[in-house]
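> Here is what each chain is made of, one letter per residue.
2 protein chains.
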Amino acid sequence: MPYSSPSLTKLIEALRKLPGIGPKSAERIAFYILKSPPQESEALVSAIMEARWNVKACSICFFLADTDPCPICQDKARDQETICVVEDSRDVIAMERAGAYKGLYHVLGGALSPLDGIGPGDLRISELFERVRQGKIKEVILATNPTMTGDITAAHLAQQLKVMGVKVTRIAHGLPVGTELELADEVTLNLALQGRREM
Amino acid sequence: MPYSSPSLTKLIEALRKLPGIGPKSAERIAFYILKSPPQESEALVSAIMEARWNVKACSICFFLADTDPCPICQDKARDQETICVVEDSRDVIAMERAGAYKGLYHVLGGALSPLDGIGPGDLRISELFERVRQGKIKEVILATNPTMTGDITAAHLAQQLKVMGVKVTRIAHGLPVGTELELADEVTLNLALQGRREM
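Which chain is which? The protein sequence lines are A and B, in order.
Take the first sequence: its position 52, counting from 1, is numbered 52 in my numbering, and each next residue is one higher.
Take the second sequence: its position 38, counting from 1, is numbered 38 in my numbering, and each next residue is one higher.
One should not assume that every hint holds.
Because identical chains cannot be distinguished in the list, a pair is counted as satisfied if it fits within a single copy or across any two copies.
Below, computed lysine-lysine pairings styled on DSBU-like, alpha-carbon distance capped at 35 Å [stated by the list, open to error]:
hint : residue 1 : residue 2
1    : Lys-167   : Lys-35
2    : Lys-138   : Lys-56
3    : Lys-24    : Lys-167
4    : Lys-56    : Lys-10
5    : Lys-10    : Lys-102
6    : Lys-76    : Lys-24
7    : Lys-10    : Lys-162
Think of the hints as simulated: they come from the structure by calculation, not from any bench.
Predicted, not measured: the structure shown is a model, and the values here were computed from it.
Construct the entire structure; sequences and hints are all you get.
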């Protein structure tokens with residue numbers, strides 16, 4: 001628009017680059033920032049800078065943390081013989097929030113996707129193999145996403161990990177709890193049937 | 001969660017204060033900020049600081065702008081005899097985007113809301129009256145929101161402005177373009193009927 005302030009336009013454009021923020025939300029957030037008390041926008045600015053400054057990928061598992069190794073790799077109370085392989089640091093947080101897993105992690109940094117030109121060299125795959133080769137790991141749980149690229153990645157890893165003599169498992173596919181059977185898609189329903197367990 | 005990095009937690013909390021950002025979006029944006037190139041988060045930080053620094057309310061119409069008076073008040077090509085009264089700076093942007101109005105504005109900074117303790121003294125009402133008293137204004141268009149508080153504000157302003165001998169109008173209520181009649185609420189439908197025009 002012709003009359004907008006250049007600084008405001010710049011702020012709205014910067015906000016629009018964030019994921020899930022469309023033009024309307026960016027405008028709403030920009031005006032909120034302009035009208036909120038100065039301490040609040042200063043807190044946001046310093047939080048962004050501090051996070052960029054402090055948070056690094058753990059040199060063992062590549063989970064984003066303030067310390068290296070990350071608190072999970074440092075925690076000797078956790079099962080040191082199991083690695084859960086995930087695509088992203090956010091998946092680690094989701095798993096930790098669920099609270100059922102007490103082993104170690106390995107963050108790949110994505111999934112294999114030949115169409116997007118993402119090959120094994122673009123992910124932390126050799127680092128995973130190196131951890132397994134050290135001999136302490138007994139089981140690798142492949143918890144990549146139940147998507148095409150996640151499944152391809154899991155298949156690729158499974159093939160190579162089995163050769164190293166380690167137990168390889170894939171997290172179960174099935175019906176999410178709290179949903180209705182009639183709403184499930186066919187692929188999920190087939191996988192839920194195949195993965196049925198005796199009661 | 002027990003293992004999150006303190007800097008990350010702080011960033012997620014700061015992001016959650018923004019309007020329309022829930023816990024999931026805040027987490028997604030925080031990880032995006034951590035993984036984006038440093039220039040991108042630096043651009044966001046400097047855009048926030050610059051906007052806070054440069055953008056001020058215009059001393060005439062209270063629209064947020066980099067200059068004082070704002071570009072709209074400075075533009076002598078605009079109709080200097082009409083003021084459109086809106087609640088918020090974002091309403092000015094919406095009006096400018098629509099492009100149909102070529103007069104001046106007055107941003108009240110909210111609406112009268114006795115329940116929330118917002119009275120005439122909390123809004124830029126006396127400043128509006130002062131502008132009208134200077135004698136150049138011929139029409140005041142009340143474009144406060146079509147909500148209870150917006151209507152109360154419009155009624156309050158209309159009463160006092162009429163005494164000053166200025167023409168006072170209210171923007172039309174009716175069916176939004178592109179919607180279906182059967183989906184309109186009863187109040188809107190009644191107002192649309194009352195406001196019907198000869199074709």
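> Between the shortest in-copy and the shortest cross-copy C-alpha distance, which are at most 35 Å for Lys-10 and Lys-102: within, between, both, or neither?
between (45 Å within a copy, 25 Å between copies)
> From the Cα coordinates, with 35 Å as the cut-off, is the pair Lys-10 and Lys-162 best called within, between, both, or neither?
neither (52 Å within a copy, 41 Å between copies)
> Taking 35 Å as the upper bound on the Cα-Cα distance, should Lys-24 and Lys-167 be classified as within, between, both, or neither?
between (50 Å within a copy, 34 Å between copies)
> Is the C-alpha distance from Lys-56 to Lys-10 at most 35 Å within one copy, between copies, in both cases, or in neither?
both (28 Å within a copy, 15 Å between copies)
> Could you figure out if Lys-167 and Lys-35 sit no more than 35 Å apart (CA to CA) within one copy, between two copies, both or neither?
between (56 Å within a copy, 32 Å between copies)
> Since the copies are identical, ignore which copy is meant and state whether Lys-76 and Lys-24 lie within 35 Å (CA to CA) inside a copy, between copies, both or neither.
between (48 Å within a copy, 30 Å between copies)
> Indicate which option fits the pair Lys-138, Lys-56 if close means a Cα-Cα distance not exceeding 35 Å: within, between, both or neither.
Within one copy only: 28 Å inside, 62 Å across.
Of the hints listed earlier, the one the structure fails to meet is number 7.
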